[in-house]
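Colleague: Residue numbers (our numbering), protein chains in the order written: chain A, 5 to 197; chain B, 3 to 196; chain C, 10 to 364; chain D, 175 to 698.
Each hint should be verified, as a subset may be incorrect.
To be verified - Computed cross-link-like contacts, DSS-like style, restricted to lysine-lysine with a CA-CA straight-line distance of at most 30 Å: (1) D:K271 - D:K384; (2) D:K590 - A:K38; (3) B:K123 - B:K165; (4) B:K60 - D:K271; (5) D:K662 - D:K650; (6) B:K178 - C:K75; (7) A:K98 - D:K633; (8) B:K96 - B:K60; (9) A:K98 - B:K123; (10) C:K75 - A:K172; (11) D:K650 - B:K60; (12) D:K650 - B:K135; (13) A:K38 - A:K65; (14) B:K165 - D:K654; (15) C:K223 - B:K178; (16) B:K41 - B:K29; (17) D:K590 - D:K249; (18) B:K123 - D:K650; (19) B:K123 - D:K654; (20) D:K271 - B:K178; (21) C:K223 - C:K180; (22) D:K590 - D:K623; (23) A:K172 - B:K165; (24) D:K249 - D:K271; (25) A:K38 - B:K123; (26) D:K590 - B:K41; (27) B:K60 - B:K123.
What the hints assert, rightly or not - Far from chain A, by Cβ distances over 12 Å, these chain D residues were calculated: (28) A212; (29) V337; (30) A397; (31) A559.
Said to hold, decoys possible - Just the calculated beta-carbon pair ranges, DEER-fashion: (32) B:E72 - D:D339: 48 to 58 Å; (33) D:G279 - B:P57: 39 to 49 Å; (34) A:T133 - B:G5: 21 to 31 Å; (35) C:A67 - D:G281: 46 to 56 Å.
What the hints contain is simulated information worked out from the structure, not anything from laboratory work. Backbone N, C-alpha and C define an ideal beta-carbon position, used for all residues, glycine too.
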Amino acid sequence: MTEVALILLSAVLVNNFVLTKFLGICPFLGTSGKVETAVGMSFAVMFVMTLASVCSWLVQKFILVPLDLLYLQTIFFILIIAALVQFIEMMIHKTSPVLYQALGIFLPLITTNCAVLGVALLNVQQEQTFVTSALYGFGAAVGFALVLILFSGLRERIEVSPVPTLFKGSPLTLITAGMMSLAFMGFSGLVKI
Amino acid sequence: MMGLLYALLSLGAFALLAGVVLAVAQKVFHVEGDPMVDKVDALLPQTQCGQCGYPGCKPYATAVASEGAEVNHCVPGGERTMLAIADLMGVEPKALEQEATAPMVAFVREDECIGCTLCIKACPVDAIIGAPKQYHTVLAAHCTGCELCVEPCPVDCIDMLVKPELIEHWAWPLPKTRRSKLGHERRENHAGHA
Amino acid sequence: MVVMLSSPHAHGGDSVRMMMLTVVLALMPATLVSVYLFGWLALLLILTCMLSCLLTEAICLKLMGKSLSTLLDNSAALTGLLLALTLPALTPWWMAVVGSVFAIVLGKQVYGGLGYNIFNPALSARVILLISFPLQMTTWIAPMSINMPPLNLYDFSTCLTLFFTGVDGLKLSLDAISMASPLGHVKTEWTLGIPVAEALNHYQYSYLDAFLGKETGSIGETSVLALLLGGIFLLARHSITWHIPFSYLATVAVMAAIFSAIHPDHFAPPMFHLFAGGLILCAFFMATDPVSSPVTPIGQIVFGIGCGILTWSIRSFGGYPEGAMFSVLLMNCAVPLIDHYCRPRVYGHESGRKR
Amino acid sequence: MPAMLRNLAQRLGMMAHSFDGGIHPQQHKVSASLHSEACPLASLYTLPMKMHIGSPCSPIVAVGERVLRGQKIAKSEGYLSVPVHAPTSGRILRIEKAAIPHPSGMGIPSIVIEADGDDNEEQILEPINDWHNTDPALLRERVRMCGLAGLGGAVFPTFIKLVQDSRFAIETVILNGIECEPWLTNDHRLMLEYADDILSGLAIMMHMVKTASAIIAIEENKADAALVMREALAARDDMAEVRVVVLPTRYPQGSEKQLIYSLTGREVSAGKLPIHIGVLCLNVGTTRAVYQAVVKAKALTERMVTISGDAIAQPGNLRVRIGTPMRYLFGLRGLENFTGVRILHGGPMMGELLRHPDVPVVKSTNGMLAMREASFMGAHTQEQACIRCGHCSEACPSSLVPNLLVDQCRSDQFEKAEAYNLFDCIECGACSYVCPSNIPLVHYFRYGKGQIAQQRREKVFAEASRERSEYRDQRKERDKQALAAKRKSVRKTHAPKVEVVKENGPTTATDVVNNDKLNKGNIE
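All chains should be built: construct the whole structure from the sequences, respecting the hints.
Modeller: Written out as C-alpha cells, the structure reads:
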C-alpha cells in the first residue's frame, strides 16, 4: 500500500514529467490555452500513457525479451502508442467534436509525445513489475494532467492581462512554466525510491 | 535468419492485431456527417448575403468546417463572428478584409416602383411583399440588409438605409478609461496576427 | 460634452496606495525585531532590497513607456521589504539586488505589473535565490539576542564590511559566526536518526524564545509576537480576512498534532511547527497577498488548507527544511482554478455555478 | 411591553438572516428635517410616452387641443403598460421627440403641454370610498387607469403586481420605506407627512390581494418615521397584523430581493418574482398613490422629489408635477448656472448622470442631485489595475465575484460572464464604491449585459432569418418539382409544343404571409 502511494506521489509530484523531467513540453504548451481543452487532453494522455505502459511491458516481457528482439523496442512501442492514439482520436471525434477540433494536431501528435514513449522506456529501464509499471504510467499521466490543467488556468488569466508586447505569447508562457517548475522544486526529496 | 523471421512475424502479427482493433473502433465510433458545420452555421448572422463568396450562410459554414476556408469572410458578422468561429475551430483569428457597416435595412421608394417582382425573387428571406404591377414593400422587421435586392431593381428604387437605433436597444459602451482598452487591445492583437 | 459614466457616483475612498502602506506598517514590528537581532546588517539588507525594487520598477515603467506615478502605489517598496525580511542576515548585497530585480521583473512586470502577477513576487525571488545559492540561503548568523554573540552587529563598520565583502572581509570563518536554525537543526538530526525531542534538547530550544524571536533565521521571520501584532493590525484594518491565515495555521497545527501523536520521534509537535521558520510570515503576509491568492472566502480557505498540507509535508519529508515558501508558490499556481470552483452561492441560486 | 419584546425578538430574528455584503456610505440626508413643499406651476410640461417598464404609449390628443389636469393624454399599447395623464390644464403645444432622463441622451416621442395656469382638474372618475366591499378587479383596473408605476425608481406597472392568482397566494405585503440611497429623503418625508394616506393605501392593497399580514420596513436612520408610522398604525383598528420593522442601516437594504430576505429569510429565486414566494413588495410613494387613485380618484400626476446635492443651497423635498422641466426646478432652488456642476437623476449609488437639465421629471424621478464637479469626480478618478483584494466580493449583496466578472466583460468573454451569473447583478454599485482601484465595475457589467442582450437579439433574428430562408428554399424546390411534373404531363399530351415557363414563378403574397406567420413572435 505504502509502495503504491509512494510510486504515485513520486510520479505525480517529485519526478513530474513536465516540470522536472521536461518531457512532453510540446503538448503542454500547445494545449494549455483553455482549461476545457487541457482537461480533454489530460484524459486522452492518461488513457494513452497508462495503456501504453501496460502494453509495452507485456510486449517487452513476452515478445521482445524471449525472441531476443530488443533492437525492435522503439518500433514496437511506437506502434503500440500509435494504435492507442488512433483509437482515442476516433473516440473523441465521436463523443466531442468541439474537443476534437480544439485539440487539432496535438491529438495525433500524442503519438510522438516524448512523455508517452518516455514512460514506456523508463519502465523497461527501471525494471518495473507489471503492476508498478501500470502505476508509474498512470502516475506520470496524472502528473502531466495536473500541471497541464493548473497551467491552463494560469494561461487563461494571463490571457486577459496587459502583458508587455515583448513578452506576449510564448515568452511569458515559458517564464510561467519555469516559475511553476521552481515551485515544484519544493517537492524534491519528498519521496525517496 | 531465424531472428529476422521472428521479427517480421511478431511485428506483422502485432500490426495486424492493432489493425483489427482499430477497424472495429472505426465502426463503433463512426461519425455521421460533420457536426461542426451546424455549430459554425449557428454563429453566422444568416443574412444569406453571399458577401463571403459562398451562396449562403450554410455553404460558408460547410466550407469553414470541412474545407478549411478562412474564418474571416463573413462581412455582416464583423469581428465578433470571426473571433467566435476562430475560437470554435481552434485556429488563429484573422483580420477582416472588409469592415462591417452599421446594420442596414432596405427601403423601396414606392412611387418609383414599377412592380416587376424582381426584388421579391432576389430576397433570400422573403422580406419583400407585393404582387406583379403592384408596389412592393420591405418588411423592415425581417430585412437582413443583405442588399441582394438592390442590384436586380431595373429602376433603382431601392435604398439601403441605416437601421434606426432604438432607445430600448441602447447599450452602455465600455467605460472610457485607460484600462478598459485592454480588452480591445487583446482583440486587436488577435486580428493583427494575420 | 459630459463623459457618460455609469453609477455609482460615490466612492468609499479606499486606495491601493493606502492598502499597501497598511501592509508596510504592519511589517514594522517585525522589521524592528530584525534590526534588534541583526543590527545594521538587517537595516542594510532592507534598504538595499527596497531601493533596488523601486529602481527596477522605475526602469521597467520607463522602458514600457508607462507613467512613473505607479511607483507611488507602494507595491514595489512592499515587495522589497517582504523580500528582505525573508533573507538570511548574511545575504551579500549583490544577491539582494539580484533577488529584487527578479522579484520586480520576473515576478511582476512581465505579467503586466501590479494586479496581474500570478506568483507572489517576493516569494518567487526568494525561491529563485534559494535554488541558485543554496548555501548562502541556509547559512544563519548568530543573532544579538544570544549570550555572547560572536560578532557585534550593532557596529556599523563591521556590518558594512560583512555586507559588501562577506566573511572574507573580516577574515573570519563562516562556522565561527553562524549557527543552525531550529528547523534546519531538527531536519539534520532527524536524517541522522535522532528523535525530535532529543534534537530539540540539543538545540536548547525554548518555545518562549521562539515566540519572542530570539533565535536565528531569516531576518524578519523569527519573532512570532511581532508578526502576530502586524497580522492583527492587518485584520483590524480589514486589509486581509481571517480565512487564509487561520486555515493555513490550523491545517499545519492539526497535521502536526495528529502525526506527532502517532509517531513523536519522527514528527515535530505542532507548537514547534507554528513557531518555526517563515510560517507565520507566510501565513499573514505572503499567502494573503491579494493579487496571488483567491478572491472568494471559500477559495481562500481551500488555499490556506492547501498551503498548510504542503508546508507540513515538505518540512516533514522533503529535501528542504522549510516548506512555507514553496507551498505558497505551489498554491499560487492553483489560484485560477480555485477561483473558478469555489465561487459562493449566488442569491436566488441553488448552487454557485450555473451549469 | 409585549410590543417591545416582540420588537426585540424581531431585531434578533433580523440578525439571523441579513443579506450578504452591503456597505455603509455617507448618508448626506440633509433634506430629511425639512417639510415638503408644493412646487409652483411651470409654463411647459413634457410628458414622454414611456415612463414605465413595458411598451410605450401612444398619444390620444391632437396638437392645439385643450386638456385638463388628470386627463388621459396617451393610452397604453399592450398589457405591460400604463397610460399617461396631463399634469395640469393647458394646450397641447407639440408632439415630438424630446430628451428624457436616460444615459443614452436619446429622445423619445413626448407630448408638450403649455400650462394655462388655471390648473383645472378633470373629474370623470368617481372616488371609491367603500373599497372594502369593492371587487379587487375593479380596484386593479382603477390603479391601471390612473397610470400607477412603482415610484421607488423601477417604475414597474403597479396593477400587474396586484394580481390575484390562485397559484401564488400573497401571504405578506412588504411596504418598502427603506430609502437606503444617500441624499434622498422623499420616502422619509412621505412617511412623516402622509402616514395615514400610506396606511390607507396599504389597507386597500391588502384587501386586493386578500391578506391581513403586512410589514412596514424602515431603516434605523429614520427612527422618527418609524415612530410616526407606529402611532398611525395604533390609531387604526383594521390593521392588527401589520408590523413596523426597523432594520439596521445598510446599503442596499432597500433592494427588493435583499429586503425580502432580510424580513422573511426567504430568497426570490433567480428569474422569479417576489409573488412566487407569496410576497408583494411596494414602495411607500406608490402606496400613497394607490390611496389617491382609489379614494381620491386622482391619476398619477404628482410625486415627491428630493432636490439636494452639495451644489444646492436650499435642499428639500418638493411635490412636483410629472413632466416639470428639471432646469425650472433647479432654478427654484437657486441653481441657474450649471458649469462645474454635475446633475444626477436619482441617488448617487444607482442614479444616472444627466447630460443637461433640459429633461422632465418622470414617474421614476425620486431625486435630483446637483453635485460640484470636484466632489463628483472623486468617485470617478483614474481606474487602476485590479489587485484582487476581494472587497467587491465582500460588498456584493448577490454574492457574485465582481472582479472576475469585470475581466470577462472587459475582454468580451460573455459566455463565461453569464456562467458566472452576470445577470444576477442588481447594479447596486456597492462593488464600485469599495474598489480601491477605482474600477467602474457597474459600468463594465452594464456594458456586458448590453452586449449579451444585443447578441441574443441578433441570435433570435439570425434564427428567424434562417427559418425564412429555409422555407424559401423548400418552396423553390417544391415549385421546381411542380414545374417538372407539369412539363412532363405537358410533354406527354402535346409532345412538340414546349411551354416556356420561368424558372420559378413570382412569389405569391400568401407564401410570404405564411412565412411571416412562421416566424411571428420570434422577432421583437
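Colleague: Identify every previously stated hint that the structure contradicts and give their numbers, smallest first.
Modeller: Hints 1, 4, 9, 13, 14, 15, 17, 23, 25 and 31 are the ones this structure does not satisfy, whereas the remaining hints hold.
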